[in-house]
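Enquirer: Sequence:
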Amino acid sequence: LNQWINLKTVYADAAITALNLQQCAALREWLKNKKVVLTLCQQAHQNYQFHLFDSAKQLDYCFVPNKNAFQEYESVLQHLTHFPKDSLHILMAGPAAKIWAKDLHLNGFRALDLGHLAKHYDYQMQNKEMDAAFWQVDE
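Take the sequence shown: its position 131, counting from 1, is numbered 131 in this note's numbering, and each next residue is one higher.
Treat the hints with care, as some may be off.
Stated by the list, open to error - Simulated pairs of lysine-lysine, BS3-like, Cα-Cα distance not exceeding 30 Å:
| id | residue 1 | residue 2 |
| --- | --- | --- |
| 1 | K57 | K102 |
| 2 | K98 | K128 |
| 3 | K67 | K34 |
| 4 | K57 | K85 |
Quick caveat, the hints were computed from the structure, so don't treat them as lab data.
Construct the entire structure; sequences and hints are all you get.
Expert: This is the structure we're talking about:
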């Protein structure tokens, strides 16, 4: 995985929307000894048939609204900061995810805003094309 992601970078917008299945397999392997906190909307999570992050050693969820998640910014941030510092926060929650990732870093956490990565993995595993529906808010 280190060939694709520089883990020494403090904070960066990786602009990751898609990885190929080989890269996803490497990510899933890398996660096997990680504690992960996944922040996303429950509707998206329920829509996935294939879950990219379920190989993590420990997986906790923080579900946020599928629209206007920023309205609950402070309460979500407070909730996320109660997880152990050795947790890896993976955020997929629209524009608010970028700000949560920065603020989590400022609070001593590792955080990645991975956008549509889990959705893209699910599409690939189902052999679905990325159509206009891919970019719509999950309902």
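Enquirer: The structure should be examined with respect to each hint, and the outcome stated for every one.
Expert: Comparing the hints with the structure gives:
no. : hint       : result
1   : K57 - K102 : holds, 24 Å
2   : K98 - K128 : holds, 27 Å
3   : K67 - K34  : holds, 29 Å
4   : K57 - K85  : holds, 15 Å
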